[in-house]
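Peer 1: Spelled out from the first residue to the last, the chains are:
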Amino acid sequence: MRRLRVFKKLVLDSFDILTKGAQKYHLWMAFLTATMLTGMYCYSIQLEQGLSVTGMTDRVSWGLYISNFTFLVGVAAAAVMLILPTYVLKDLDFKQPVLIGEGLAVAALLMCLAFVIADMGGPSVLWHMIPGVGVFNFPSSLLTWDVLVLNGYLFLNVSIPFYILFRHYQGKEALSKVYVPGVLLSVFWAIGIHLVTAFLYQGLQARPFWNNALLGPRFLASAFAAGPALIILILAVIRSQTSFKIADKTLHKIALLVAVAAQINLIMLASELFKEFYAPTHHSESATYLFFGLHGKNALLPWIWTAIPLNVLATLVLTFHKLRIKLPILYGACFVLFVAIWIEKGFGLIVPGFIPGPYGKIAEYLPTGIEVGVTLGIWAMGAFVFTMLARTAIAIETGEISYKR
Amino acid sequence: MKQQPRHAILILLVALLICCEKTEDNAAYSKISKQVWEKRNSPQQSLISIDSLAIQFSLIQVGEGHKSFLIPDRKSQLNSYACSECHRHPLPAFEETIHKKAHWNIVLQHAKKSTMDCRTCHDSKSMNHLKSLTGVGIDFDRSYQLCRQCHFPQFKDWIGGAHGKQLEGWKPPRRSMTCTNCHSPHKPSIEKRWPARFNTQKEVERKGK
Amino acid sequence: MDSENKKWFSIPLSKIKEQVKASCNCGKTSGGCSSHQEAEKDKRKDGFEQIFNASMDRRNAFKQLSTSLLLGVGALSSSCSLTADNETKEKAQLNWEEQFKGNYKLMTPAEKKETVERLVRLHQLETASNVQLSSEDAQADVLFGYAFNISKCQGYMDCVNACVKENNQDRNSQMQYIRIHEMKEGAGFNFNESDDNYYHEVPAEGHFYMGTQCFHCENPPCVDVCPVQATWKEPDGIVVIDYDWCVGCRYCMAACPYDGRRFNWSTPKVSASEVNKKQHYLGNRMRKKGVMEKCTFCIQRSRKGMNPACVEACPTGARIFGNLLDPNSALRWVLEHKKVFRLKEDLGTAPKFWYFMD
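Residue numbers (my numbering), protein chains in the order written: chain A, 7 to 411; chain B, 3 to 211; chain C, 893 to 1250.
Derived from the structure by calculation, the hints contain no laboratory data.
Positions of the beta carbon are idealized from the N, C-alpha and C atoms, including for glycine.
Keep in mind that the hints are not guaranteed to be accurate.
Subject to a maximum C-alpha distance of 25 Å in a straight line, what follows is the list of computed PhoX-like cross-link-like pairs (lysine-lysine) [what the hints assert, rightly or not]:
#, chain 1, residue 1, chain 2, residue 2
1, C, Lys1125, C, Lys1170
2, A, Lys303, B, Lys204
3, B, Lys204, C, Lys1236
In silico contact screen, one side only, chain A against chain B (beta carbon under 10 Å); selected entries [as the list claims (entries may be wrong)]:
#, residue
4, Thr63
5, Glu278
6, Lys281
7, Lys303
8, Lys367
9, Ile368
10, Ala369
11, Glu370
Taking the hints into account, I'd like the entire structure generated from these sequences.
Peer 2: Structure representation (structure tokens):
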């Protein structure tokens, strides 16, 4: 009963916090709400008319939605880069940002689930996937593995921070024997979610662009580069907008992680490029289409030739300590890296996997306005959720709200 | 006689709906071969459903080695059989009379003149039969025996089931078309034609946006 | 209780439930608790307990719950409407029942019959016409296979037309299960350079033609990846889809190496005069938007002993269909005497569609 009372007060306090703030905060939330509403309207059109309102066709049957889903699973997995040092290596410098990282993971996972539902042809029959009620094709179908690991990770990332914050809210210390096992599990689980998502594509013998052993490790490397980069940017915003203290040292340590992950990502990219272009085979056609165009079809060229140079530039900047140490340069490099990896994992991975088709036919893909609308709406939803979680967490951590008996 | 074309159109419309029952329509034509050629040469008739050609044909057994299957007969399809009804006299005698008009539309375009002429297959002494290269008589229902003399590989394939068209279904016993159902013996080559459709949506998809 | 005869994986929720029950729910982590004593109930079983404590497996429990839910809510929704006429109410009721039915593969024959009846009645209510919907099962000792004679195909595309008409495919998007590829002679089986949407006199000089469609693999990658088992291989070898069970994730489409599957990006429309009314539940019945479909070897025809529409329509006899288990079939003769090959043999999918030449 007492816990319920505390919880009730927490909810009221959070609601209080979330509805008050500076004008910038209100503008931000209003902007997000407007984007979400636009997204919902676009989705309603899609529900009404079917997926023909998107740019997807029988040739390229996964597009913007699944690209974003894939990328965001990586961002969610990147929370492990903060959890690992905090709880396992007991590095105190990470103790504050770890809750932000877990909040980001929750927001990213909710975005992933939203993208999957947006992409489905029959969202009203999703109950077919519930084990027991429907038919759950485990362990044969990798999608079922993905459902399990993503929901499990969501549960871990909701329950553990909630426990810690709940205790802090009451002015108590969180008991390590309660949360540390869960945390250790989530470390392995985070690697698991992105590896399983990679296996979704890696296991398809029909798509030689994806059917290689390096896809899973590449996913992990790019996730651990893009995710913490986003966390650095978010921490920068939090530093400037709230009273939450984040030491420079913390940012530098995360930056080092990003740098190493980005370097590994580039090494893997080099390996892939060598394999595809040293002795091109019939299986290299997708890579040829992506980088050089095929039979005059070159819609993806501007995308990939923006992404790769930006990626290389950002990695170079992050490699040099003298540059990485300067915070404005760090923020710029992180932003550029995030955008570059987003392009690479989306348009540079999902779409070329389908082009050319099984009989060599090329039909290019471009998302429609409705697709873009729904995508932006879901990103706005993620940002909205994250803002709420972060604001509450910061308020609890800084003692702004607490349970006084 | 005017009923037949109308029946033809009606039954062809039914064919378009891929009606799988054989409509018992004895009044209609009886020549499978002619209809197959007509349909093949007119791209508007994009479906040949042999079942729906509304033909009452009788099947005869063909046995060759281990293989045994059924083919449509020929004699019951001939409008003017027996040939000896007209061909009582030697051929040159007919050239002066009105009978010159009969079979006038048959042009022989089958191998070179030095390889084949009318008498290669038709026995002028016994017009109700065909004859082999060595003069052995061949029944009209078994005209494939003639074709096999030169086209042995195709004949072997036909016996096995790899050449030619099957009728009715996959369930045994096998019912196949015989050589002359597709290849006119006088002009066996198959003419060119246009495809039955063109997919405009595919073009839109491939042109890109 | 579910360990044997499991067709799909289910999480043992019952075990978790037991653990939860064991912990005290009064908030204390140690020490005695008054709520423990309250758990000591009267041992005598009354009618309430007999029903609610009856043991049954989860599936039966859900079935009973859902059936009663269906009937209850269905009755509620249809009876509570004051303005709707009987037809609308009936339609609503039927649609409701259809929405919550299970996977066709797991249905009993009685359930199959029920869903067929519902679908026929719905079609009747919506279009005032009748269809013959069959739920015929596979026959014993039949495994369908297909052979395609590359030398004989002249590129007419009669098969494509016949297939579209037979299987009630969407006319707006010009959906075709079959593709005919026109290839240059001397360049090998070069699909990249081939043209599958030509429109000129055929056969074109210096070219040959090959047709592709779903190959009904013996080791189908599409079946493995479906998260809800909406697609499976029937005992007679045909890979089918339960259109009402498909959730539209399109994973199977990504997994198929042969471009065998088609997705309904919008509601498929066929004009009433062109609808083929002889339908099979797993075959050519009308689909809805957001579900996958594909060639079913004309299951509505082949299970009745007839050839698929493409085989029927081909004027040159380039397509051969038959029973692989019948040693006397034309198909088996082809496989034994002709030099046959299959596409993308190295992918290990074992398609039941062979190509050969004269």
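Peer 1: The structure should be examined with respect to each hint, and the outcome stated for every one.
Peer 2: Results for each hint:
no.	hint	result
1	C:Lys1125 / C:Lys1170	holds, 22 Å
2	A:Lys303 / B:Lys204	holds, 16 Å
3	B:Lys204 / C:Lys1236	holds, 24 Å
4	Thr63	holds, 5 Å
5	Glu278	violated, 26 Å
6	Lys281	violated, 28 Å
7	Lys303	holds, 7 Å
8	Lys367	holds, 7 Å
9	Ile368	holds, 7 Å
10	Ala369	holds, 5 Å
11	Glu370	holds, 4 Å
Hint compliance for this structure: hints 5, 6 are not met, and every other hint is.
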